[in-house]
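Protein sequence lines correspond, in order, to chains A and B. 760 is the number of the first residue of the first sequence in the numbering used here; add one for each residue after it. 974 is the number of the first residue of the second sequence in the numbering used here; add one for each residue after it.
Each hint should be verified, as a subset may be incorrect.
Stated by the list, open to error - From the structure, some residues in chain A lie toward chain B, with a derived Cβ separation under 10 Å:
#, residue
1, P833
2, G835
3, V842
4, Y860
It is worth saying that the hints were derived from the structure and are not from the lab. Idealized CB from N, CA, C, for every residue including glycine.
For reference, the chains in residue letters:
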Amino acid sequence: MKTQTYTKPTRTTDLSEAGRLILAHGEVTGHRHEVLADIATDIPPAQFFEEPDTKRRILLITAPCTLRHDEHAPIGLDPSRPVQLRQGDVLLQPLAPGVWYVIRQKEYGDVVRQVAD
Amino acid sequence: MAKKYTLTDEHRAQLTPWADRWIANVLSTAHYTADDPATIRAAVRGLYEAAGLVPPPDQRIVIVPSPTVARFAGGFAAAIWYRRKKGSAATRDATRDATWAATRDATRDATRAATWAATRDATGDATWAATSAATDAATSAATRAATRAATRDATRAATSAATWDATSAATWAATRDAMDAATDAAEKMDWYRIPVRALTRLAHVLFADDASFGLQCASSASNLWDGGNQWSGWVAYLSFFRHVAHLPLDYTKWQHYETLAHYGPRVMHAEFCLVSEHPVVLTVDAQSRPHHDTGPFCRWSDGTALYAVHGVRVPWWIIEYPERLTVAHIDAETNAEVRRVMLDRYGFDRYLTESGAQPLHADACGTLYRVHDALFVRVQNSTPEPDGSCKWYTLPVDDDCRPIRENLSLGEPQALTARNAIASTFGLTGAQYAPLVET
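Excised from the complex, chain B in its bound form (with noise of 0.2 Å):
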């Protein structure tokens, strides 16, 4: 087909301010309006309609309150359909049909990949990098990846703790104490807040003696899985080419793809619908990472909660609760990055302190520590406090003591002595060092 579009100028200085738009719609912490409700079922029937599909009744229509609830309740209500339908049959074949991705599939040909392809005859690829892989770019991390991540974590969790117990529920009353101690550490250690428990209990209430079941139709519910506006990064893309640049293309059947992709995550299943609301709190760093000090960088009004120091996933009692942190959790940590991150809620100085850790090299600067494989210099203020003593402080430097420059590039690698190290906080070497006065 012969290209109908060319960027213009015009366009072109939208482009940006497009993505910006979209990476926005990504983060969004925005309540839900009383209106939305209507608006988001008015367009799950549309995407339904526009697939030859019969869509669910408007009561099967629902909004859930995060990811996780869409995840869970989406694969027990896929198996209790399943097994309405069919009777029970727990074996991999049965989890693979009730979670068929049939509906999802259809949908989204009929909306989004029909869509795609019209405008990519119509324009070739120009402006994709521009829109939909910039909006991904910036948003991924902290929420399609990690809401994927932590829902297929918490679902195997589950159905690893589900398998466990036997099948009866006898035994399922004997095990229950052991399972829920491993459980709880396990949850110790994980980046994030879903009650695994709770839904694997919720399992065995629902299913009987088929907790299984239905938890591996959680785990297979990826299948029914449409990311909603954590997808926007196509939304963004195509559009683009519907308001900016005004492509004569049919969009009556795209509109309610479109519509979808300022709400939450939805499963999307013959028999009915689940949409998420968006996060309450989402927060990233200045790269775009998903972060927070104090708390959850992703919390849902249902608690459920993610966890990430600069884009660093690590253990939520680390974030909520560090005053719990002793020398034995940071040195039984085998992840460099999680352990840096303890060691920064630990403080440095006190580590080296507490853990009794061997210089590595002591000169008139200071001393130089290697702690697991990272180097810290520990130095003293050379004005004393108001009681004659002198604050000791312990900074964090590069592995080789390379100078950190201004623009926080790093120089050629030093010794390592601590005259250098400290230099190479001020981006020098340690030749260059050597204050004739210091307070």
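Just chain A, with the same shape it has in the complex (with noise of 0.2 Å):
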């Protein structure tokens, strides 16, 4: 099978708050779905960030890392193996190797609304 390959745009908005990967706020509960290495003290070897026209949140990582939240089990992030992965209201949809679109799951009703968990 063909690899994918993902080109970053120029321009894109750096999502990342302070140096931290944090995919989604939880609305109701504060609770954060959050990207960190998987060893504690390093930088996860990662970014996050706005397409320009799309607007399609992208995370990137170049080293294997882990998605943690208080409420789900952590999922490892392996960039060389690019599968669809889900937390909670949040869904890591492969694009390429090591690069996921970050999708925030949405309600339909008087106005569609991100899940608030």
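Quick one: dock chain against chain with the hints and give me the complex.
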């Protein structure tokens, strides 16, 4: 199977928060879906940004990391295994090795809204 | 008349800020200052004089706490003045005569309409959409339309209650309890809190055997109505040319109307003028729709209040006492939008559990339910709680399981399956949804 590739656009918007890679904040609980380095003291070898045209939020990692959340079991992120992963209301849709499109769950209603965890 | 004005780039840049300023004026909850009563009375006098009318004396230019008071007190006062001058005559003609719109119309013609005509002749309608229409679009649902509907419905309800009562005091006493019960039931479903029953009784006190006349005058007091700050759209447009474009028009009559556009709705009668205070609470959602999750979206200092959730007018008790909601209430609600709000308050998951709703489809991803005309998917958390159990949760999904995309638009319809439903909440089709790891 042909390996997918991903080219990072120019002029992306950095979504990291003071260096922390928080993919989503819980609106109700305050819990976070956060990407951490496998060694606690290291800075995660990753980037989290928004594409300028599509507004997709992209997670790009260059070495194994872990996605953590207070209420969900951790998920290992391996750049060599671009598979679909889900942690609660966050879905990581693989685009290429080490690259995931980060999708927040939404519910349908009077207004379409993100699921509040 | 030759056009005197062409929009400049400098003025064009001020259109949106100008509209925003007037939008804020419509949504104002500011208390009147100590100087405001004098300003209001001077402007009211100016309005009457601009129309060649004798203004009411200052003691009959009254600031009232809410549009509801303006509507009922205005109607009652109009009825009293009519009877004082012409005697008792509870007929349709009498109601019309008592609430004749002459004063309101004359003052408006002399100020707003005259300025409108002069401005239109001089400028064309180029800035109408950017000022008046923009102001109205952003505010009407939460202010003008809501106030009009609530006061109209309340006066109709009161008139209906009074008409149900016979016109004699003896019959009134006999039927009062029955009317109270009926009014209780009706008020429970109202989206506003207006003391209809107390106002109906007041009409009986004021008009004895002719309460219907007073209440019909309150109902017809819309003829005497000027929206004040709720009608800021007009003022946004006309004042743009006065203050930004500096159009060389005579604004000496208009200025009184513009001044009163900073204050609440008013009732204008030949003998009196009532001006409402601003509400103390007025909230809208991001789309400018009337909205408050836990209380009235609009409340005045006298306690009269209006309720809506994302623009849907809902019975007040759903907001104030959501714990009183039952499955029976939800099932009995015929309005789909109100029912969705009820379901949201009650909790989708709790409703599905307690209502015994039958599943439409089930697979490894969860279970899909149809409740009335809405679809819900119920799924279990993959990560166990500390006690080993796994939380259930329920999400509303599109009626055709269409994926909800990043920009909140909807994709193509899918078959009604639980997998498709869950996938749609992530903007995917069922075929695209297959997480290898899920926690």
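The hints, checked one at a time:
no.	hint	result
1	P833	holds, 7 Å
2	G835	holds, 8 Å
3	V842	holds, 4 Å
4	Y860	holds, 9 Å
Hint violations for this structure: none, all hints satisfied.
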